[in-house]
Amino acid sequence: MNKLFLAALVSGLIALPAYAADYSIMAPASPGGGWDQTARTMQASLQDEKISGNVQVTNVPGAGGTIGLAQFANQANGDPSQLIVGGYVMVGAILTNQSPVTLADVTPIARLTGESVALVVPANSPLQTVDDLVAALKADPGAVAWAGGSAGGADHITAGLIAKAVGVDPTQVNYIAYSGGGEALAAILGGQVTVGVSGYGEFASQVESGDLRLLAISGEKRLDGVDAPTLSEAGVDVVLENWRMVAAAPGITDEQKAAINADIEAMVNSATWQTALADRGWVNTYLAGDAFDAQLAKDIEATGAILKDIGLVQ
Amino acid sequence: MDTFALLAQGLMAAMAPMNLVYALIGVTLGTAVGVLPGIGPALTVALLLPVTYRLDPAGSLIMFAGIYYGGMYGGSTTSILLNTPGESASIVTALEGNKMARKGRGGPALATAAIGSFVAGLLATLGLAFIAPWVVKFALSFGPADYFALMVLAFITVSAAFGDSALRGITALFIGLGLGIIGIDLQTGQARLAFGVPDLFDGIEVTTLAVALFAIGETLKIASSPSQLKEEILAVKGSVWMTVEDWKRSWVPWLRGTAIGFPIGAMPAGGADVASFLSYSAERSFAKKPEEFGHGAIEGVAGPEAANNASAAGTLVPLLTLGLPTTATAAIMLAGFQQFGLQPGPLLFANNAPLVWSLIASLLIANFMLLVLNLPLIGLWVKLLTIPKPWLYAGILTFATLGTLGANGAMSMQVFGIRFSFELVLLLAFGILGYALRRFSYPIAPVVVGLILGPMAEQQLRRALAISQGDPGILIGSPVAIVLYSVAILALVLPMIMRMRGKGGALAQLASDED
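Sequences listed follow chains A and B, in order.
Be aware that the first sequence starts at 1, since it is given in UniProt numbering, and climbs by one per residue.
Be aware that the second sequence starts at 1, since it is given in UniProt numbering, and climbs by one per residue.
Treat the hints with caution; some may be incorrect.
Simulated crosslink set (DMTMM-like; lysine to aspartate or glutamate; CA at most 20 Å straight-line) [said to hold, decoys possible]:
#	chain 1	residue 1	chain 2	residue 2
1	A	Lys-298	A	Glu-220
2	B	Lys-137	A	Glu-208
3	A	Lys-308	B	Asp-185
Hints are computed from structural coordinates only; laboratory data are not their basis.
Go ahead and model the full structure; you've got the sequences and the hints to work with.
Structure, rendered in structure tokens:
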């Protein structure tokens, strides 16, 4: 009896590591950016909730994530412990950079979070509403200088979609690219540009303090506790969310994919993850399986179309 | 008076024994990673972010502050002793600092860097406490046209600072500008001069170029002319500490460096590297003995070192008052704030005053710790130079290669089935370029300056013209820009007049061997 117990204990100990898989998550961006923060939040959640024993985060920055993606697709092939974070910006970067490696070369697992793009103007701007902005845009598209993140990203695409929706030629959009929402913020506060377009999180504290006026947000629904219409409510038929996703290595088996899916689902439902989302102001837009694959295909197609309209992709 | 009371309260909080321990851990780690090329402060703070889940907000912010300041200072040690700048802000430190080290004055060079960093950190932190709202207003008033004017000023003063051989200096500058074009253009998203190589999409990494030109290029030069090996490097000549004359020559540059570094650090598109270039040029033009520049002028270490530390404190101005991170380290500190439910920005001072003041107080303490930690170590550091030259240069080569591998060493290239790191190939190619430049007496620094300033100048110029819809009038449309251009013209014309009066001889002599 005693022996049996011992055997059970030993085999239990040996089997234990198998339950808690180790992961290595690649953030295809520099430390500090959104993808890096997503990867590190995943790391903390997976470890704290004992879903995984040991999680490493690596950074491979560059070119909208396509450098990291290419490296990941080449080197992680068939390895179920490798994950990569990505998102909407990567979809655009793959198209504008004509990246030889695309999301079809990895195994997308799930969409995790989403963030609305916000339209803001300085407090002393004559523009009060989205209607004012649309009127100015129609009067002289070139005179409306938009400031946001790098060319071809979610911010630029939002500007292009708005122009298109109100009947202005998207190639006429005077988009000034900054290396990030933060640098754009400085230009908007300094009154150097007409309107700012970037993730709501970049502007939240200035909107609260009254230094910036929030005209609208691009998501499907209003944000809790934020007094601004969605673009659709304001009469511009545009819905866009800058989402972030996690993908696994190419060449893994269906069982391995299912196991990763289960781990990610457990992570998304964990208290650690939910608290982190609330702290950072990220919206949970978890979507996995076939529904995510279908949505991803739709997003890739729509992004390609608008990038052609803006003139960034031939 | 209110501010003083708040600051005193903050100091009391930050002086708690546990917080002092965190500050010590922070500056030690920061100095260590600053010394190692390849691991920057940004990555260190990112790696330590999970640790802070277990600390209280004040404790972790204090640790971050220590890492940040420590990293800024650590970079200068390798610049001075080994001519291997680990980050872009310590490139100019290498120019004079390494010359001093070779003459046996490594001790005073390290000391003036440490004390200058302390003085600058102290003043800039007080600036952060007392005049942040005004500084940020000034920084925000800078539009793209004004930034472009600032870049023009930097170009002119920096290339003028490389002496008489304008042709060689400008040739070197243009090599840097050419390298700066490589990569994806921010405004259009299109790749330029990347030849389809994904590793080039993000442009040439400044530290790779700097380490290659300075460290590898020099090693090759030494290896190619064995006779130079006999030239003695003096580890210590005279005192390890600063002499009375060193103090006299250092204190004004410290203050000037602080005055230049703090506002430039506070600018969203400024940065410690730009501040250190401008400070170097300023010291050179104000120097009583300009002929010493290029041969180890202590002002050329004191000024830029003060400027880059002041600029580090400057970056906290937009971070705390606007929630605007202007460097990668600041971005991660922002993430740290958010983790504690704090939103840096206009309301932070009002909503979380005690925490903000203990952060500012902890900066003062971190700064002090740094001095305490580093001054006694100077004697130890300079011993590095007693290593026989072949060993020393072999060590530098290993160090430079490991650093590059650590920073961007992805094995991304594959030729004939062999994987290798593209970044290492770049390192070697630029090392050979560095050797050729030295061999034919071209200055090295303008290449790196071109790579750093070129893309900034280009983006700002194009932003300015896009906003004005093509009207070039915007470039001289603001008082700030006009002032900057006037200073630039002065900087261009004054040396010419001086040269015509026959004072150019000394400058000419320097041009050939400023590396």
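Evaluated hints:
no. : hint                    : verdict
1   : Lys-298(A) / Glu-220(A) : holds (16 Å)
2   : Lys-137(B) / Glu-208(A) : holds (19 Å)
3   : Lys-308(A) / Asp-185(B) : holds (18 Å)
When held up to the earlier numbered hints, the structure conflicts with none and fits them all.
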